[in-house]
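Hey, can you work out the whole structure from these sequences and the hints?
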Amino acid sequence: MGTLTLAETQDLHTNFYTFEGVVRALNGVNVVVQQGETYGLVGESGCGKSVTVRSMMRIVQAPGRIDSGRIVLFLNDQERARGIEIVQRTETYMESIRGSDISMIFQEPGAALNPVLSVLEQVKESYQFHRMEQMIEETLAAMDAERSRRRRGSLRGAGAVIQAALLRKELAATRRFDERVRRIDNELYQLETSSDTRSEERKADLNRSRDHARPRTGIVAVARRIPFLRRYRRRLDATVRAHVVELLRTLGIPNPENIVQRYPHELSGGMAQRIVIAIALACHPTLLIADEPTSNLDVTIQAQIVELIKELKRTIISSVLFITHDLGLVAEVCDRVTVMYAGDVSETATVRELFRNPLHPYAVGLLASVPKAEQAEELAMIPGAVPNLIAPPTGCRFHPRCPRRMDICVREKPDTVEHTPGHWVACHLYTGKDGGHA
Amino acid sequence: MSLLSYIIRRLLLMVLVLIGVSLLVFTVMMLLPPGQRVAAYVTNDRVSPAQMDAMIAKYGLNDPAPVQYFRWVRNLLHGEFGYSITASSPVIDGFVRFFPVTLGLVLFSAPLIILVGIFLGTLGAVRKDTPTDHFTRVFAIVGYSLPTFWLGLLLMMIFYGFAGIFPPGTVSNDVRNIIYGEGYHQYTHLLVLDGILNWRWQVVGDALYRMVLPTLNLVVINSALIMRLMRSSMLESLGQDYMMTARAKGADRKTLFRRHARRNAMLPVITVSGLTFAGLMGGMVITETIFDRKGIGWWMAQAALQLDVAAIMFNVLFLGTIYVVINLIVDLIYAYVDPRVRLS
Amino acid sequence: METRTDQRQLRPMHPRLREMLFTAKRFLRNPLSVIGLSLIVIFGVIAILAPVLEPPTNRDPYKIPHNGYRIEPSPPSAAHPLGTTQQQYDMLYGLVWGARSAFKIGVLVVAANLLIGIILGALAGYFGGIVDEVIMRIADIFYAIPFLVMAMALVVAIGRGLKAVIIVLIILEWPSYTRVIRSDILVTRGKDFILAARASGASHLRIIFSHILPNAMYSVLILASLNIGTTILTAAALSFLGLGSETGTADWGQIVSLCRNWIVGTPGNRFAYWYTVFIPGFVISLFVLGWNLLGDAVRDVFDPRMRRR
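Residue numbers (numbering that gives the first Met the number 0), protein chains in the order written: chain A, 0 to 437; chain B, 0 to 343; chain C, 0 to 308.
If you're looking for bench data, these hints aren't it; they were derived computationally from the structure.
In this text, a Cβ means the ideal position worked out from N, Cα and C, and glycines have one as well.
Treat the hints with care, as some may be off.
What the hints assert, rightly or not - Restraint ranges, calculated between C-beta atoms of paired labels, are given here:
| no. | chain 1 | residue 1 | chain 2 | residue 2 | range |
| --- | --- | --- | --- | --- | --- |
| 1 | B | 176 | C | 265 | 29 to 35 Å |
| 2 | C | 265 | A | 17 | 31 to 37 Å |
| 3 | B | 207 | C | 263 | 41 to 47 Å |
| 4 | C | 28 | A | 67 | 51 to 57 Å |
| 5 | A | 414 | B | 137 | 50 to 56 Å |
| 6 | B | 336 | A | 225 | 21 to 27 Å |
| 7 | B | 183 | A | 145 | 41 to 47 Å |
| 8 | A | 225 | C | 268 | 54 to 60 Å |
| 9 | B | 186 | A | 225 | 30 to 36 Å |
| 10 | A | 236 | B | 183 | 47 to 53 Å |
| 11 | C | 194 | B | 137 | 43 to 49 Å |
| 12 | B | 184 | C | 76 | 36 to 42 Å |
In structure tokens:
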């Protein structure tokens, strides 16, 4: 199989330091997203799905913290060989990746949009953070085209010359900045494998200068604050706005020129979710993380959004990481799927394989609890509830609820084994360590 | 159009509240016996009991309450506010004399209070649980707990009593001579502004010099409330889902705090800042008494001690009006800043 | 399939008890709340033990004894451990009995306001409509006038003295209690369990008292504890302005007002009279600080949005 890994987590531990104690939300999670696939993450609420993906983007909110483990991204061919380990990288590096290479859409579209900023202002930011160079270039090209059409020497022409000059300056500054950042990132990447003291120092140095790097715009920074000269920005804003409108149109939003001026509270849930998707897609990310994007929407809207994501998967995005607790949705959307329970990965397999042959007792229970059309007998359910993760159960975290519990399950956390090719499971029934029934 | 109808609705509501305020003030006034209420019409110290009775009859102070209320309101609308013993002049003249002193200090200290409150509150929220945060929180709760008059007295004791700097009063005698001297025009009656307009920097300097301690006093006590509110509303804003969206977009810290969090967090602060501004006018009673600044707060304190009914009632009514007007302005600003209010 | 875990889930601790334990633990772990609580307890003990600590010599124990009429305050000495104020009133006596006055003012005002606030707030919040409109517009009117200014005007109208101050503060503070209780009740009223109670035919009174008020209680308690501080500050300010108790009454604000002429010391010793300025104000600050810390802690502990952080 010629599958290429896009992102993976290795033995990820994320903990929340709350007042009541340390919530051990992730207990060594291994997840692999491959290029070109739609990958599902399922489980009951509170089992660590959201924390996993938030860790992958390093946007876990305080008091949460990634305590150990690695997150490796293989974003381009150059990094293909080894990938970039991002837990050690600086926050500024993450900022350049988020929204550009990986982006995320959220569960509650109403809350995910800032109530005091218009749609335009919110979608615009994606371009402002990551596509400034392109935006300036396009603006300049448009202005050039315009100038060739107009007579020279008029007052408006003179204004346009100043504006173009300022834009060129800004473009140069942006390019210099990008170049500098790229150099630092490259050197960091080279240094990643070595761990002697000298390269450690160099790494710390580089990280520091990465953190403090700012585009040096000089005169442009001043001009931006002067009322009349500030006008050059309007041209730029017009370019960005055109991109935003175009983006919304491709996402099937009717009348985008009108929509961009609205505020979130004026939008319906489905529309708001499309805006959230637009924000995430603006820079054509390689990986789109969808954190239960449909659970809070009406069923009809839900279907539309799912269709939209599937459509986008075919056209724009390489891979989708889809979180849901809805197994029906998993069957419809995903290629491969991982079942999580209480911060542990229970089972990973292709969707067909998982539905046909679930191995982990939790996965079995989960599948049995889905109502089917031809359901005759009573619906099965898993007794008990997701445990409190401040004092999680010992050994396998599922053991208090497990119908097939053995002695060893209480003592030892099961290793993940490949039961059949591509079908991984973490359960003592399959690890070969037999402990006998309780 | 919707904004216009919103304004009209708010104006009508404002008139209603003002009528309520006048009723309240009138009720308070009616608690006094006519013999004391007549003071509002007495213009000299020597009035015999017989003359007093004659005046009570003349001004109808024994009439039924509704009659008196409408008469009083009519007088107010005609600009007849009575005579103030403490100002030794009609109330309106006293007001013209005292108000600029208060306004000067309010205009000087209110922006400082609001800025300090917002700055420290944001700082505390951004650096939550660091020493900076703990320091600002302690500052706030101490500022909240100190009696205004005691802090004022301590400041006076330390700076004026011990170090001999920052004397009380509004201006020195030299400066007073300039103000009332030849060629000096009191355009606005605000010392600093008039000083600048007359190009007399000595006036400006002295006026500002004497505002340092009162301002310090007001800032320590009043910015605490804004600070606490700013901190908690900033923290709440930082915990919202849209902050997650912004981070997922790749927003840097500066953009996160300034554009996404602070803008939302400022909303409740706008309201409280407006109220602080209005409340300062009333809170001046203590500060002006201690720092011997003859503004309406000082006047109010004197009037209360000497049963100067006309001055008390006028000031209460005036401050109530100020509050209502500022509240309206704040609501309009709010409607401008928060798109959610605009249409609802 | 009976196991240990299942048993634990079957018989959990009563949720309210567990919440209380958690609350107490959290409360005591915060140093600021412990400081606040200790301050209040210390002041409480002083107020209770006042007759023992400083046996009254007058018939009215709230009159501070004074030894002569000399104007200048005298510094701390064996006879007067904290010195005397202007006109030789004993500072320590005044402060100890002043603690009683402070508690009296704070507790009376807050208790009366709680009562008024609960009744009016419950009426406004539960019945809504015209009742709500009338009560809340009256509250708006009270809000419109600066607190201290209105208090001054009312004291002038009613007559001076500690009793008048208490009455005035009760008249002026009810709107904030009413508002808080009303908004809490509005939130609770829409909850499903209230609708269920109503559907099952419970009477209005029963719903208000056994379902709505217990749920609205926390925010009122927070407000009350934060409000005692403000109440004391206002009462002291009135006394300071000469509108509160008479000269020589054991009342903190009164004692501070006696120091006004002594901020500038003698030419030789500029801090000559620091004690008469510093001590009484410091005591007021500590008392108010205690209540504010306590109120803050109570809010942090009870506020469901804050508590799990």
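Now for the hints, and whether the structure bears them out:
1. 176/B to 265/C: 29 to 35 Å: Between residue 176/B and residue 265/C, where Cβ atoms are some 31 Å apart, the hint holds.
2. 265/C to 17/A: 31 to 37 Å: At roughly 59 Å between Cβ atoms, residue 17/A and residue 265/C fall outside 31 to 37 Å, so the hint is violated.
3. 207/B to 263/C: 41 to 47 Å: 23 Å Cβ-Cβ, so the 41 to 47 Å window is violated.
4. 28/C to 67/A: 51 to 57 Å: The hint (51 to 57 Å, Cβ to Cβ) is violated, given that residue 28/C and residue 67/A are roughly 28 Å apart.
5. 414/A to 137/B: 50 to 56 Å: holds, 51 Å
6. 336/B to 225/A: 21 to 27 Å: Since the Cβ atoms of residue 336/B and residue 225/A sit about 25 Å apart, the hinted range of 21 to 27 Å holds.
7. 183/B to 145/A: 41 to 47 Å: Given range 41 to 47 Å: violated, Cβ gap about 59 Å.
8. 225/A to 268/C: 54 to 60 Å: holds, 59 Å
9. 186/B to 225/A: 30 to 36 Å: holds, 33 Å
10. 236/A to 183/B: 47 to 53 Å: Between residue 236/A and residue 183/B, where Cβ atoms are some 51 Å apart, the hint holds.
11. 194/C to 137/B: 43 to 49 Å: holds, 45 Å
12. 184/B to 76/C: 36 to 42 Å: violated, 58 Å
In the structure shown, a violation is registered for the earlier hints numbered 2, 3, 4, 7 and 12, in ascending order.
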